[in-house]
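2 protein chains.
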Amino acid sequence: MKWEQVFASRASRMKASEIRELLKLLDQPDILSFAGGIPDPALFPTAAFQSAIADILSGPRAEAALQYSVSEGYKPLRDWIAGQMARIGVPCDADNILITSGSQQALDYLGKLFLSPRDTALVGWPTYLGALGAFNAYEPEYDRLDPHTNRTAADYADTAAAKGGRVKFAYMSVDFANPTGETLDAATRHGMLQLAQDLDIAIIEDAAYQSLRFDGDAVPPILALEIAQKGSIEAARTLYCGSFSKSLAPGLRVGWICGAREVIGKLVLMKQAADLHTSTLNQMAIADVAVLMFEGHVAKIRAAYRARRDAMLAALTTHMPAGITWTRPEGGMFIWITLPVGMDGADLLARSLQSQKVAFVPGSAFFADGSGRNTIRLSFSRADEATIGEGIKRLGILLRS
Amino acid sequence: MKWEQVFASRASRMKASEIRELLKLLDQPDILSFAGGIPDPALFPTAAFQSAIADILSGPRAEAALQYSVSEGYKPLRDWIAGQMARIGVPCDADNILITSGSQQALDYLGKLFLSPRDTALVGWPTYLGALGAFNAYEPEYDRLDPHTNRTAADYADTAAAKGGRVKFAYMSVDFANPTGETLDAATRHGMLQLAQDLDIAIIEDAAYQSLRFDGDAVPPILALEIAQKGSIEAARTLYCGSFSKSLAPGLRVGWICGAREVIGKLVLMKQAADLHTSTLNQMAIADVAVLMFEGHVAKIRAAYRARRDAMLAALTTHMPAGITWTRPEGGMFIWITLPVGMDGADLLARSLQSQKVAFVPGSAFFADGSGRNTIRLSFSRADEATIGEGIKRLGILLRS
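If you read the sequences in order, they're chains A and C. UniProt numbering numbers the first residue of the first sequence as 1 and each following residue consecutively. UniProt numbering numbers the first residue of the second sequence as 1 and each following residue consecutively.
Keep in mind the hints are simulated off the structure, nothing from the lab. Heads up, a few of these hints could be off.
What the hints assert, rightly or not - Derived DMTMM-like pairs: lysine to aspartate or glutamate, alpha-carbon spacing no greater than 20 Å straight-line:
| hint | chain 1 | residue 1 | chain 2 | residue 2 |
| --- | --- | --- | --- | --- |
| 1 | A | K2 | C | E234 |
| 2 | A | K2 | C | D198 |
| 3 | C | K15 | A | D95 |
| 4 | C | K357 | C | D384 |
| 5 | C | K300 | A | E63 |
| 6 | A | K15 | C | E72 |
| 7 | C | K15 | A | E72 |
| 8 | C | K357 | C | E390 |
| 9 | C | K2 | A | E262 |
| 10 | C | K230 | C | E262 |
| 11 | A | K230 | A | D95 |
| 12 | C | K2 | A | D198 |
| 13 | A | K75 | A | E262 |
Predicted model, so just to flag it, every value in this text is computed and none were measured.
Chain A on its own, in the form it takes in the complex:
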């Protein structure tokens, strides 16, 4: 059977990610890897999950935990999230929350909700690779969202119209973004909100790393700034995507979308049709562990990751030659390196693996147009301080050679 003849047109955009294929090769014991951007499993609250699930499955919630449940999600979990959102400036209630199977699913659903083929999504250059992957299924065009240029709303709208659609949303990873580690300041967030209003589009605010701030002052979510302007989440165009993957555990696949009820209601219908609901047991387990120890637990993992970031920044200062610059993230898992123009991150990786046994991710994968070849992403989340020091030292040797 010639499958390509019966696949939908979108299937041609579903390709193996070079970077993900690459990451599989890097998972070898003799490699010092700063490539994967995943949590350190030694920091998972494993005992708390074990205890919570034992309690759920031995008590009055056991049958409900294993049964079908409502598409919008487990009410006590939505209530807890609404309480957390209120603390960061987003007063809302459970009806403003949809539970998703990780925030990756949130991005897929929002792409599905907004994008018809040839519509335009505004994304950063670079941006989260997984967002591009999720959106690609809906066959959009991309345009570069750059807070530091003076492109007008009319310019964005004209560019999108020339491509056969209209701008539907601006996607932004706001805190210690993957891949750059950078945080949008309040003025930039206000500017993005104004642009979205001028274009009459949605904002997808990806806050997956929000709870991992090590230092500096928290910047209010774009959704909070918008509610402060408009008085209510029901008037907001911002859809906030949160995740328990970086704070508690990714393997349970629990995240959320917070926004106006009108949009959440549509997304509930979408979820019902797409996978009915997120695992009932997992939602209960996340809710119980969050209620029990969320703040204390994230304080613990923040301290661990902060020490690793500090070790990496110190090692970069010591070992990097002139002409190389890097970001200084206030949280998260990533530092973004800009190499001299003309140097290629993918070539550097090949040489690094061969001569230094150090792995990282070439930056061009994070650019919708494949540019950014002189950039690389380092993650400090999985390595101890000594390994970080040694790995950056080796990278410095390579870059000086």
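Assemble chain C onto chain A, guided by the hints.
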């Protein structure tokens, strides 16, 4: 914000299902309900899940259980499923299996893989409501798949072309189907396979109820018949969708797609972009419980549901007036009633709730064109035999009045 202006065109097809809204109202203690088609939670292997998860989270798999994992799914679970598939005539290996978050997600992904707007999906009249919901997001046309007419492949192809696309797949629920309870016999399965070959389309074989056969001989899956013809799953056009929701527990959201590697490979990329992977912990728990007790457990639930089916069939024979017919399923959860022409299932439900406090689902919801008004679906999965007898008796009183 006028959200409709920024939603994708597909959003107009995401509507609240009348039937699902109705089901919410029926969940009241004084109603005898044959409406919902969900498992009896008293039959869940709760203790086995509790023990499996305690073992996973206290042993060497704990960190992996809570960590990100590969999009194709947990290898020991795929191996176990491949072994089960071989037993029903589908020799294959783990690379032919994608783990999905329930078989609902399998239907969503297959709709996404095949359907561009205006393509045609062939479905039964009636068919599984949730399949229509999943496919609707990809804006297809529907045409009626009826094994009992002599429509030719050319006729189906011409009809699809007139609607602006082509036929992409035939979707069939093969065993004790939701909603009819009927099973396709081997001759019909061969006929469907021939039609699919003539049209050069895929077959989506929904086998969600496959393990719930009470009596009669098992009919080989369409995928097994096709492999017998062609020699290998790699040459097959049939994609088999399985589920643990009816056999073990739906709340963990674990199902699978079995098919040619070329298609599974594409679906792995789709899943990576859409939600990364199904909950690692849940896949491990399902694998452990399946290895431990799958056959014994399904034998137990088959016995329980068989008694309920027998009670419902006996009560129908006793209490239904002339002019009313029903199916005699060999398994599953559903009996399908055909009322006299002119009688309306929705009207009957309204009267039944008022005067008899008996609930069921009007059949027209299961027809892509809204026809079938003189049909209703009864589920016997959630009620004990005495309740079934009483409820059918009351329904008989109503139908004689």
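So, going through the hints one by one against the coordinates:
1. K2/A / E234/C: At roughly 12 Å apart (the allowed maximum being 20 Å), E234/C and K2/A satisfy the hint.
2. K2/A / D198/C: holds, 14 Å
3. K15/C / D95/A: Satisfied, since the Cα-Cα distance of roughly 18 Å is no more than 20 Å.
4. K357/C / D384/C: holds, 16 Å
5. K300/C / E63/A: holds, 17 Å
6. K15/A / E72/C: holds, 15 Å
7. K15/C / E72/A: Between K15/C and E72/A the Cα gap is close to 15 Å, so the pair holds against 20 Å.
8. K357/C / E390/C: holds, 11 Å
9. K2/C / E262/A: The hint holds at about 10 Å.
10. K230/C / E262/C: Roughly 16 Å between the alpha carbons, so the hint for K230/C and E262/C holds.
11. K230/A / D95/A: holds, 19 Å
12. K2/C / D198/A: holds, 14 Å
13. K75/A / E262/A: The hint holds at about 18 Å.
Checked against the numbered hints given earlier, the structure satisfies every one of them.
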